[in-house]
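**Q** Read off the chains here:
Number of protein chains: 6
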Amino acid sequence: MPTATPIEYADASPEVRVVYDDIMATRKIDWINNFWKVLAHHPPTLRRTWQSIKEIMAPGALDPLVKEMLYIAVSVTNNCEYCIASHTAAARKAGMTDAQLAELLAVVGMANESNRLANGYRVEVDERFK
Amino acid sequence: MPTATPIEYADASPEVRVVYDDIMATRKIDWINNFWKVLAHHPPTLRRTWQSIKEIMAPGALDPLVKEMLYIAVSVTNNCEYCIASHTAAARKAGMTDAQLAELLAVVGMANESNRLANGYRVEVDERFK
Amino acid sequence: MPTATPIEYADASPEVRVVYDDIMATRKIDWINNFWKVLAHHPPTLRRTWQSIKEIMAPGALDPLVKEMLYIAVSVTNNCEYCIASHTAAARKAGMTDAQLAELLAVVGMANESNRLANGYRVEVDERFK
Amino acid sequence: MPTATPIEYADASPEVRVVYDDIMATRKIDWINNFWKVLAHHPPTLRRTWQSIKEIMAPGALDPLVKEMLYIAVSVTNNCEYCIASHTAAARKAGMTDAQLAELLAVVGMANESNRLANGYRVEVDERFK
Amino acid sequence: MPTATPIEYADASPEVRVVYDDIMATRKIDWINNFWKVLAHHPPTLRRTWQSIKEIMAPGALDPLVKEMLYIAVSVTNNCEYCIASHTAAARKAGMTDAQLAELLAVVGMANESNRLANGYRVEVDERFK
Amino acid sequence: MPTATPIEYADASPEVRVVYDDIMATRKIDWINNFWKVLAHHPPTLRRTWQSIKEIMAPGALDPLVKEMLYIAVSVTNNCEYCIASHTAAARKAGMTDAQLAELLAVVGMANESNRLANGYRVEVDERFK
Numbered sequence: 000m001p002t003a004t005p006i007e008y009a010d011a012s013p014e015v016r017v018v019y020d021d022i023m024a025t026r027k028i029d030w031i032n033n034f035w036k037v038l039a040h041h042p043p044t045l046r047r048t049w050q051s052i053k054e055i056m057a058p059g060a061l062d063p064l065v066k067e068m069l070y071i072a073v074s075v076t077n078n079c080e081y082c083i084a085s086h087t088a089a090a091r092k093a094g095m096t097d098a099q100l101a102e103l104l105a106v107v108g109m110a111n112e113s114n115r116l117a118n119g120y121r122v123e124v125d126e127r128f129k
Numbered sequence: 000m001p002t003a004t005p006i007e008y009a010d011a012s013p014e015v016r017v018v019y020d021d022i023m024a025t026r027k028i029d030w031i032n033n034f035w036k037v038l039a040h041h042p043p044t045l046r047r048t049w050q051s052i053k054e055i056m057a058p059g060a061l062d063p064l065v066k067e068m069l070y071i072a073v074s075v076t077n078n079c080e081y082c083i084a085s086h087t088a089a090a091r092k093a094g095m096t097d098a099q100l101a102e103l104l105a106v107v108g109m110a111n112e113s114n115r116l117a118n119g120y121r122v123e124v125d126e127r128f129k
Numbered sequence: 000m001p002t003a004t005p006i007e008y009a010d011a012s013p014e015v016r017v018v019y020d021d022i023m024a025t026r027k028i029d030w031i032n033n034f035w036k037v038l039a040h041h042p043p044t045l046r047r048t049w050q051s052i053k054e055i056m057a058p059g060a061l062d063p064l065v066k067e068m069l070y071i072a073v074s075v076t077n078n079c080e081y082c083i084a085s086h087t088a089a090a091r092k093a094g095m096t097d098a099q100l101a102e103l104l105a106v107v108g109m110a111n112e113s114n115r116l117a118n119g120y121r122v123e124v125d126e127r128f129k
Numbered sequence: 000m001p002t003a004t005p006i007e008y009a010d011a012s013p014e015v016r017v018v019y020d021d022i023m024a025t026r027k028i029d030w031i032n033n034f035w036k037v038l039a040h041h042p043p044t045l046r047r048t049w050q051s052i053k054e055i056m057a058p059g060a061l062d063p064l065v066k067e068m069l070y071i072a073v074s075v076t077n078n079c080e081y082c083i084a085s086h087t088a089a090a091r092k093a094g095m096t097d098a099q100l101a102e103l104l105a106v107v108g109m110a111n112e113s114n115r116l117a118n119g120y121r122v123e124v125d126e127r128f129k
Numbered sequence: 000m001p002t003a004t005p006i007e008y009a010d011a012s013p014e015v016r017v018v019y020d021d022i023m024a025t026r027k028i029d030w031i032n033n034f035w036k037v038l039a040h041h042p043p044t045l046r047r048t049w050q051s052i053k054e055i056m057a058p059g060a061l062d063p064l065v066k067e068m069l070y071i072a073v074s075v076t077n078n079c080e081y082c083i084a085s086h087t088a089a090a091r092k093a094g095m096t097d098a099q100l101a102e103l104l105a106v107v108g109m110a111n112e113s114n115r116l117a118n119g120y121r122v123e124v125d126e127r128f129k
Numbered sequence: 000m001p002t003a004t005p006i007e008y009a010d011a012s013p014e015v016r017v018v019y020d021d022i023m024a025t026r027k028i029d030w031i032n033n034f035w036k037v038l039a040h041h042p043p044t045l046r047r048t049w050q051s052i053k054e055i056m057a058p059g060a061l062d063p064l065v066k067e068m069l070y071i072a073v074s075v076t077n078n079c080e081y082c083i084a085s086h087t088a089a090a091r092k093a094g095m096t097d098a099q100l101a102e103l104l105a106v107v108g109m110a111n112e113s114n115r116l117a118n119g120y121r122v123e124v125d126e127r128f129k
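Protein chains in written order, with numbering that gives the first Met the number 0: chain A, 0 to 129; chain B, 0 to 129; chain C, 0 to 129; chain D, 0 to 129; chain E, 0 to 129; chain F, 0 to 129.
Some hints here could point you the wrong way.
Since the list can't tell identical chains apart, any single copy or any two copies may satisfy a pair.
The list that follows gives simulated cross-link-like pairs (lysine-lysine, DSS-like), each with its CA atoms no further than 30 Å apart [what the hints assert, rightly or not]: (1) K27 - K129; (2) K129 - K53; (3) K129 - K92.
In short, the hints are calculated from the structure, not lab data.
One chain only, chain A, in its complex shape (with noise of 0.2 Å):
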């Protein structure tokens, strides 16, 4: 059982459903997964958390689809399951095949593991890399 349980559509408050709608309209669907619907115990914290979430994952400098793949190797690195499954989720949405989640989570493991060896050897930054 979650903290909070998920509060449905025709539960929520107008300024939830504000919040809910343009879920919806930004993302093209016609539902709301549970992460939202959990958020909308703490109103503030599911606007802040949805614009914030809106701005940065927009098409930019970097395409969304590289963006999602951040998202999971973050996700992948911290092991939050619900974060996992969701963002898997949308970045086979946005288009990624099995190939590059197959590539996506190597990289995650050898950078996990590099990570581990040049913090017990205690590697000296380079010059070069300063």
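Fit chains B, C, D, E and F to the known structure of chain A by using the hints.
**A** For chains B, C, D, E and F alone, coordinates are given in the frame of chain A:
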């Protein structure tokens, strides 16, 4: 001071030089960074780590710049200073602009935030994401 | 299935019962949660962990509710499901409101985000903060 | 050397100065710390991060000192040196005593320990905590 | 549901079967655990990961049981449920007793605690340890 | 600069000296490292932390060198610089060779990698491991 001092090319054994030569040839550079010069204290780790990174970071379903950015995302999440410095340099060499770095870090920050909101509220994975 | 099954009071050795009794007396409750019932497989760990938590979580310069909230902040950052569930329950029992939990999680999320922005940009510590 | 050098007020664009001015006014200080001066390289991140922190750290259901202490708890768990230094300074300015800091760090240490005991023994969440 | 369903031996390609056969021969077992059956979706990752683990976990300067215990220490710190379960089973098979597991987890817990005390107090590295 | 300056023996209170004396007697050394000299600012934390470490790191079902290596594994995974430096020194004093350190770090790196592969593919725990 690092746990192990870097081993320079001039002081390296033949089996270490083989790896150093391959790193320089593969990356089209004429120097070796400290990470490899420290791993050289244990040639099996040097050889295996280089072979893995060489294979994983090669062009494939994802292009090398995207792979470098994924590497940064993991290293920032783990706060590995050496890795952040070296892979930021590598990504810039591969063409990453300041705007791309800024967006990358914005996504990494946001993902670390929403990972904790999902954890803290113990959000259940939606049926559609399972 | 846990690595070790919980040891119930009826099946516990005298040295384990002494700890169970002290937990119930200190917390003014009539049951023992699974964390302690699993640690009971190694009585030295059970005793030492309980003594430390009893001392650390007692009222002092910080009040017990603030301490429970700090516990949640760490557990959410580490994504320890058991600890999030048990300390959220403990904090609520100590008076934490829904609004307080929401603000706590907002701070935890934001701190995890800004930690990575500071790491990723490798921000130097200001002289005034040293 | 940081990835990006701090941008001083004198060198900042008008949109950056607006944020700097608001930071100084809100916090009743006459200087800007490096975190913001580095984020200034990407004004959307500067603006959004400041707006979020300003909203989240304002007095509400939790008082500002408790919020600063939660920030320290997360930063210590993640080992973000910049964040530990800056938020320890901020908490002290908000009235945190040495005794409070010591108890805070004792709780953070203990929580990180018991998180791993719960993980390692794979303790099942009690029915009462679900 | 996992992101990728396990690939059984009967359904595996010849290049995957070569790895499965080597895993079973090396470990003297007659089954393959899910980790490998999922990596089988990307044969280069399956092959490389197995070769690395086979080389790293072989008897050397450290005996295999110590290596399995180090694996548990990392997996518990990262809270990787699959890895905790599988390496606890492997360590037990290699002879780990309940008392050894209990001491291992006590060390892991304590190390996670003292890591944060060192971080939080920003303890400077002693000259003798540099 | 650390958050708290180390307290030297000459400046320590009697209750702190009791702990310093026990550390030196137990470890058969004639100096105190910074970790304890900083904890001395809060005598209850100094006393409790030392008692716990003394009990946990004593010979038992695992020998002290294995315990020091487990400590390194955790500290490298968390990237606690102080702890990596001090426990690498302690392990070497307890007899750890360069080859053992190299294998230890190889296992730690690999475990951090495979933890993320297991997370990222969301591998289900095998029935036999439950």
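**Q** Look at each hint and say if it fits the structure.
**A** Verification of the supplied hints:
1. K27 - K129: For K27 and K129, the Cα distance is within 30 Å only across copies (21 Å; inside one copy 44 Å).
2. K129 - K53: between (34 Å within a copy, 24 Å between copies)
3. K129 - K92: Between copies only: 14 Å across chains, 39 Å inside a chain, cut-off 30 Å.
Comparing the model with each earlier hint shows no violations; every hint is respected.
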